[in-house]
Amino acid sequence: MLGLCATSAFLAIGVLALILGYVLFNGISYINFDFFTQLPKPAGESGGGVSNAIAGSLLTVGIAAAIGIPFGIGAGVFVAEMAGPRLAAVVRFTADVLTGVPSIVVGIVVYSWLVLKMGHFSALAAAVALAIIMLPIMARSSEEMLKLVPQSQREAALALGVTRWRTILSVVIPAARRGLITGGLLAVARAAGETAPLLFTALGNQFWSLSIAGKPIDALPLRIYQYGTGPYNSQHEQAWAAAFVLVTVVFCISLASRLLLTRRG
Amino acid sequence: MVMTTDFRFKPPVTVPDDRAGPERATSCPISEAEAWSDGIVVRQLSAWYGSFQAIRNVNLLVGPKRVTAVIGPSGCGKSTLIRCLNRMHEVAPKARVAGQVYLRSDDIYGSGTDPVLVRRRVGMVFQKPNPFPTMSVFDNVAAGLRLNSLFSRRSHLADIVEQGLRRAALWDEVKDKLNRPATELSGGQQQRLCIARALAIEPEVILMDEPCSALDPVATLKIEDLMRDLSVSYTIVIVTHNMQQAARVADCTAVMMMAEDCAGEMIEFGATSEVFTNPKAKGTEDYITGRCG
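Residue numbers (my numbering), protein chains in the order written: chain D, 153 to 417; chain Y, 1112 to 1404.
For the record, the hints were derived by calculation from the structure and aren't laboratory data.
Here are the computed lysine to any residue pairs in the SDA-like style, where the Cα-Cα straight-line distance is at most 25 Å:
#, chain 1, residue 1, chain 2, residue 2
1, D, Lys299, D, Val242
2, Y, Lys1239, D, Ser322
3, Y, Lys1239, D, Ile320
Model the full structure from these sequences, guided by the hints.
Okay, structure coming up:
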C-alpha cells in the first residue's frame, strides 16, 4: 500500500519534471535576443520573434488582473467578514461552480457579450474573459487568507471604537496582505496560461498592437497554438521557445508566491 | 473625563502589599448615586450566545476611579459580563443582550446609541496581548486615533503616543524603539502596549479581561502596579480567576458562579476585604477556600 501510494506520488512529480524538462530541452536552444524583440516573420521564413505576443499577454493579463483581483478580494472580504453563514455558503458554492466552468465556455460567452457587440476582437474582451477565470480563484483564496487573521486582531480594533469597515481595511487586510498577494499571483499564473478563451476574444495578431479595444491582439498561448499546428519547422521551433518562456514565467510566479507565503517575519 | 494627573513624576509603587491599606476598604461599597453620576450601573443584564444563556440578571454598581474585580470559576460568564460593558459581546455571532447598562447615566444599549462611540468611551484590554503585528510600537499606540480619523498631525500624535506610553509605564523601555515592530516586545511589554493603545483614545473606563493570565509573575506585578496607578484617574473593571490578584488590586469585588443551567449569576458583590474575609454567600466561601471552581 505504501509502495503504491509512494509510486503515485513520484509519478505526479515525475510527470511535472518530464514536462518541464521536455519543454526546456526543446525550447531553450531557440531562445535568443531576436525572439523577445522581433515581430513574427511571414510563414516559412526562419528567424523573427514573438515580441507582439509577449506584449499582448502582458497587456491582457494586466487588465484582467486589474479587474479580477479587486473584485475577487471584495468577494472574499464579503464572505469572510460580512456575510452570514448561509449567504457565505451560497457565494462560496457559486465561486466553486464558476471555477469549474470550462474556460472555453467563458470564452464563447464573452465573445457573444463583447466581441459581437463591439464588432471586433480585442484585448479588452480577452481581459474580461481572463478576469472571469481569475475571479473565483481570487475570491476563494482571499477568503481563506482573511479567515487566517486571528479574531483577536478584529476585536483589538473594534474595542478601540474603530468602525467595522475601517477595521477590515486597515487591520484585517494588511494582516492578510501576504496571502492576498500570493492568491493574486496564482490567479495571474493561471490566467497567463489560458488559451481557449483567447481564441474567441483576442484572436491573435501577426503585427504589433497595444490597442485595448480596437483590434485583435496576440498572446503567447495563441502563438504557441498557431505555430505548433503550423506546417513549418521554423514555426515549431518558435512554438517550443514560446512554450518555454510561458512555462518559465508561470513557474517563477508560482515559486514567488510559495516563497512569499512560507517566509516569516 | 479630563486628565489632570501627571504620571511622569509619580514614584513607582513597588511593593504590592503596601497598597492594601485602609483607604481602599472605605472606597467600597459605593453609593448608587455615585455609580449613576460617574460610574457604571448594570441592571438585570442577561446575555446569550445563540440559545445558550451565558449570564443571567446581573446587577452591578461600578464605582468611578476604582478597580472593580469580577472573579469566579472558569465559564461562569465573567468575560461575557465585561464584554457587555463596551458592547463587544455583540461582535460574536448570534450574540444577544437583555437588560440595561448605564455609563454615567447614558444608556449604552439605548436605541440611538452607536456601539462604536461606546467603545471609544470604554476601552478594553484582552487576555492575550494583541498588538497589531503589522504596525510599529508608535503606530500601535496611535492606531485608535488614526483609525478613528481623530488626529492626523504627526507632532500632535507624537505627544499623545508618548503620554499613553508613559501612563502605561512603558515609555522608558520603548522610547528608543518606537519604530520597531510591536511584535518584538516581550509579552508583558506587549500587554502594556495594549494598555497604552487603549489609553491613547482617552477612555473613561478600562475593561481588562484577565490581562495577566498569559504573563509571567514579574510582568503580572508590573501590570498590577499599573492598574493601581491608573485607578487614580480611570474607572477600571478587571476579570480575573486569580483570587490573590483580585485581593491585591481591587477595591470592590464581584463573585460570579454558574447556576444549574450553566448561566452565570452574580452571587456576591462588595468591598474586596469583606468578600475575602467575611463572605456572605456560601458559594463565595467555597470558591475562595478552594472547595469549588
